[in-house]
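Residue numbers (the numbering used here), protein chains in the order written: chain A, 1 to 1040; chain B, 1 to 425.
None of these hints come from the bench; they were simulated from the model. Among these hints, one or two may not hold up.
[Stated by the list, open to error] If the Cβ cut is set under 8 angstroms, some of the chain B residues that face chain A in the computed set are: (1) K290; (2) N291; (3) N293; (4) A297; (5) N298; (6) A320; (7) N324; (8) P326; (9) V330; (10) Q345; (11) P393; (12) L398; (13) G416; (14) C420; (15) Y425.
[Stated by the list, open to error] To be clear about the criterion: a stretch of chain A counts as covered by chain B if any three or more of its residues have a C-beta under 8 angstroms from a C-beta of chain B, and this derived list gives those stretches: (16) 74 to 83; (17) 871 to 881; (18) 923 to 929; (19) 937 to 949; (20) 954 to 968.
Since this is a predicted model, take the numbers as computed values, not measurements. Heads up, the beta-carbon is just placed ideally off N, CA and C, and yes, glycines get one too.
Spelled out, the chains give:
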Amino acid sequence: MKNKKQYWKGLEELNREPEFEQHAHSEFPEYLPVNLNKREGGNDSGTSRRDFLKMMGFGISAATLAACEAPVRKAIPYLNKPVEIDPGVANFYASSYINGGDYASVVVKTREGRPIKIEGNKESSITMGGTSAQQQASVLSLYDQQRYDAPRIAGKKAEWQQLDEEVLGALKRIAAEGGRLAVVSKTVLSPSMRAAVAAFQAKNFNTDHIIYDAVSVSAIPAANEKSFGRAVIPSYDFSKADVIVSFDADFMNNWISPVQFSAQYAKTRKLIDGNKEMSRHYQFESNLSLTGGNADYRSPIKPSEQGLAVAQLYNELARLAGEQSLAAKTNIEHVSRAAKDLWLARGKSLVVSGSNDVNVQILVNAINSMLDNYGRTINLDVPLKTRQGDDKAMAGFAAGLKSGKYAGVIFLGANPVYDYVKGADIAKGIKKTKLTVSTSDRRDETSELVNYVAPDHHFLEQWNDAEPVEGFFSLAQPTISPIFNTRQAGESLLAWAENNISYYDFVKSCWKKNLFPMQSSQLLFDSFWDESLYSGVFEPGKGKTSAGKAVFAGDVNEAASGIAKTYKTTGEYEVALYAGFAVGDGSQANNPFLQELPDPISKVTWDNYAAVSVEDAHKFGFSMKEENTNMVNVTISGKTYELPVVIQPGQAKGTVGIALGYGRRSGGKVAEKVGLDLYPAVGSLEGYQNLSVTKGVKVEPSEKSCRIARTQTHQTVMGRTNVVQEATLSEYQKDPFAGREFPHISGMDGTLSPTTVSLWKGHKYEDHHWGLAIDLTACNGCSSCVVSCNVENNIPAVGKEEVMKRREMTWLRIDRYYSSDGKAGDFEAMEQAAANPEVTFMPMMCQQCNNAPCETVCPVAATTHSTEGLNQMTYNRCIGTRYCANNCPYKVRRFNWFKYFDNNDSFPDNLSQNNELGKMVLNPDVTVRSRGVMEKCSFCVQRIQAGKLEARKDGRKMNDGDVDVACAASCSAGALVFGDMNNPESRISKMLKLKKSDNVNVKVEAKEPRAYHSLEEINVQPNVYYLTKIRNKDSKGSNA
Amino acid sequence: MLERQSMMLFKKLTARSSLLVVMMFGLFTVMATGIASAQDAASIPTDPAVVGAGKTLFDDNCAVCHKVHGQLLGPALKDLSKRRDVAWSKAFILNSQKVIQSGDADAVALYEEYGKLEMPAHDFSDDELNAILAYIKDESAKAPEVAQAEEAPAAEEAVQELAGIFDNKYMSIILAVNLLILVLILIVLGLTINVLTKYLNEKAELAEEDRELASQRFDFRAMLASKPVVFFVTLLFVTLVTKTVLDGLFSIGVQQGYAPTQPIAFSHEVHAGQYEIDCNYCHTGVTKSKNANIPSANICMNCHSTIKTDSEEVQKIFAAVENNQPIEWVRVHNLPDLAYFNHAQHVKVGGVECQTCHGEIQEMAVVKQHADLTMGWCVSCHRETKVNAEGNPYYDKLVEAHNKRSKEPLTVEDIGGLECSKCHY
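Only chain A is shown next, with the shape it has when bound in the complex (with noise of 0.2 angstroms):
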């Protein structure tokens, strides 16, 4: 290719600022402070070097006499061991996943009776084997010391037979004074639920039962209810569309069933078996989302010009269709392109709008009946249940509760007092209110409030189900016995209406009544329990056609006039909220590893921020360098918020993005003073919840600086261009190899390929070779791979300040690079590239080169190359000199600057490895690693014998997909094969066409076109490959 891309990780890159520059060619950053106490400057109250030593000398003597008293250690069988269950052998259990209406079909490992992993279930049509971040990261919260261990009663402890006698009671004199009662909780996915709560409805007919969702769609059955008379959210099929266009709705990350759009999304990105067609995905949006940065064409546009967008396509798509326009007039960029494409697409396309404006999605269900995608790509006779929250009638909840209406309200795992806009209104009237119960499994900001705190199970360890999309049911069953004197919502909830069954009996007859009856494959009703419990779903509605076409029948001018109203450009700055990325609404706030996470664009950790776009920055003189930023007073009607700013490229001009889910006052040591709160600045437009605030905004820069933990700029490409490797589908069309590049080296002989000269003698792989392909265009960037690595590999969250210091621990990385056609030093071009750049998703783990260069540079062998392939990092032995790190040419591994597990007083935030409790995460078979050694990503070197030995056991041959890493086990979108390179039957052997090379340096040859190495020109020979990501963009200079 002749027009170079430039890629880069940040605006410092981008700018080579000189901060920048000095740092990037170091590793570290230049100050290495030892003592941890020493975090504002100070030479004098640190310890020298000289005591360090002296104190290791003595370290080692009282080591060496400790040692030789060995402990007496014990071992304790079980009573009676139960016949399922054998110390050191994993059990599975099929399960579900379930926090409100987010949802997800699991596999949950268990080792001794303790769930430790849990991995998606590839049995189900909706998640597909699919999980995210969150639910990776949810094993953790299971072991959180934060849950409640007990019933309390006006804040003490209590004895459940006391509580359900007071809460009878109250009920009971309620209903003798005609007083009413409300059940407040997020979306109810489990049908059994609902059931309990009719049950209590029953009992109690003055009952309310409002259901909401911190972040609402609820415009969307309203539309449809005008649209077509159904008050449903359809079923979404993004895998049959060939151009998807998304307003604002970050359909893989939060919008509506996440996991389930991505599964399906990845399906239409992959360029593999043959197949050389792509969706096309436009997305018109603020911030830039993870959705975004999937997007081949993506326009920054404000919150007040979303309406317009939408009103433009529905003009643009009426004037392709001959049909009546819309009295608007925007021009926004690729609109007109979109447009075009998904005329051309007509039935195989799918417009979605994460606006919570009834009249936009009445447009957006115009245009898609327009586009003819009712009964192909949207099915409403389908509906969607994973949002089910009405807005209006929590306004009216929210009212009620204040003004005394309600004298018993039940909150049914619900926290509206943080997650809801009116939430200090609630707490007033929860104050007023005579009966307050909540079902909160842990302290949170509504909880501290009631006067009976009646504790949830957490997922984990209840009996529940889930019908996340009509016709399409799970099971959830208990992986360990509660740990806390806990107790199943429903069953509270039954016990309240005097019906003392357990819940599991009810879910049971649950299913034996409503769902037994739906098929007829088993005749008994426990053979299908049985069935239904070992696959965890039971799905009728899997393969019927019910794809009767929907006529519209909504009123496009009143939508059209009721959009021109509502969006006009009134302020300089917009605000646009959204969910963030890895605590999401904050519910999952208290976890560590979720925490940690670096979000996906900005790549920022442990905080909320204030986005601002490049131009914005400019205006207000913001910099940041380093973890070093500026701070910004945002005022959102009348109140102000000081936050840290990032500036992100992307970000529409004159807009401000800012995260929900932060600045948890009640939830945990971890959760609890990260960010600010912002759900009291969230909107309503006609009643409906509305992130974006389009009015009363003002930014001001504030005088303060902060500083972020930011993982953007840690570990550099240094303007290497063969890194990521791209193109765009027409060149991979017309060229299978476009956008690959093929180094060369200078030899005596004029230029060679670097794999004709080796100072390596290079390894005999005889039985496995391991490996793993890595498709750029099919990974999203979702991230959950980086979570279940964490998980299964006892990696320790290390908190804010050591990210700071470059120091976070993750084996997996996703890099996240910039591109733009602009060149570097050209003012104008950086600027315009810096305004909205391309963006590209890489996963980054140890390459388990064969040709390691740190295997060559260790002093102790204690990284060393194994027979399979593998690069192996033998802990015990590492003495910690880091020569490795500085050698290796992806700076990948990891040094353990102190010891994180343990050491509570220094590292609290590390829950899983500080604590009794949060240790009963860890994966047993891998060990946790001490302080002063180095560490990487193993391969899951401990599956790899696990599958070994299986095989071995029952005497076979191994079969590919006996073994599978963590990461790739956990990816949506299946961007991740790992397999035996030496099995020529294996996906991975497949994918990349692999064949055996007649030059004597290289094991294998991947034919696939795509497939590269990062760094070809080092012949390292990397045994992960990665193959090119491709962009459905249309080729430069053909612009329609």
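Model the placement of chain B on the given structure of chain A, informed by the hints.
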């Protein structure tokens, strides 16, 4: 010392040979009686397939309480077909209580003899019963061979031991003679020097230098202070200290011979040795898990609900079960956390005997750590051990590749058994 050793050896040898004599006698008797009463059990099949099926059934159902040779919980079953009639045996196996209650004299006598221990009822088909009886009959006949096979290596071992002792005896004699010769040479040399000195001193026309040399006296102190001596003594000292320190350091964490007192005086000698209970019966994880598993109390209770219930030690198990308080055994074999060891790999896949690492566990009244469990010990075994590849297609590719390049058998080392991430991850 030597006498005691040979005494012990003699005892061992006599003990073993008398055992041998007893065995031989047993063999003759069995053969004789076998011929005499062959026609009694004509209805029992002798087809090897049926005998094989019977073995499986026996191992699965009967072996917990019965042995063919020797008494376990129930009586020895040797020559059952000769002692009892086939129909009676079948009825007793199916439902012993029924036979006893019917007043059958033999059955009642047995019941009384074995402390009213009930044999549970079994749900066998007639074919299965025949198979079991066939196995018992078959096994009764070939028993002595097994015993003899065990005897042979023991005798061989004894011979070797003896040879070793003779070797040692010769060594010391040779050493003593050598020492004597050296002393004699020294005396002769001393005498020669003495004579020569005297002769020189008597000579008058000797140069000053030579006179000095001749009259030189042996100075012990000067010798001690001389550089070479000081050097060698220092070297010796440093070497010894270094070796002691290194040995000391290497023994840190090595607990070879560790035999802690356990909360219950469980004896492997009784269970595994005397009663020959299969290790697998209690250590259920040994073929499927990384842990062999210390048996849970319910496994103890399988037998001890009826056996030795009044023993003080068994009472402790009852107490544990009643109080719902698991038994806290002291762990004998402690590997460091950084080393991953898997029992199933070694026992099920590798076919390694328990005794290879745990020593003669069936002779231990108190379990003792037999091996030093150091990495050197692991590695040296991996270097020598041949891979149990036969009949396991997993290894086919490796064996094929190995056979191409070498004639030596395939060892664990050859398939990456010394690689770090075999055990460390």
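A quick look at each hint next to the structure:
1. K290: holds, 4 angstroms
2. N291: Holds. Min distance 4 angstroms.
3. N293: With Cβ-Cβ at 6 angstroms, under 8 angstroms, it holds.
4. A297: Because about 5 angstroms separates A297 of chain B from the closest Cβ in chain A, which is inside the 8 angstroms limit, the hint holds.
5. N298: holds, 5 angstroms
6. A320: holds, 6 angstroms
7. N324: holds, 7 angstroms
8. P326: holds, 5 angstroms
9. V330: holds, 6 angstroms
10. Q345: This hint holds: Q345 of chain B lies near chain A, its Cβ roughly 6 angstroms from the closest one there, short of 8 angstroms.
11. P393: holds, 5 angstroms
12. L398: holds, 5 angstroms
13. G416: holds, 4 angstroms
14. C420: holds, 4 angstroms
15. Y425: holds, 5 angstroms
16. 74 to 83: holds (count 8)
17. 871 to 881: holds (count 6)
18. 923 to 929: holds (count 4)
19. 937 to 949: holds (count 6)
20. 954 to 968: The restraint on the stretch 954 to 968 of chain A holds, since 4 of its residues have a Cβ under 8 angstroms from chain B and three suffice.
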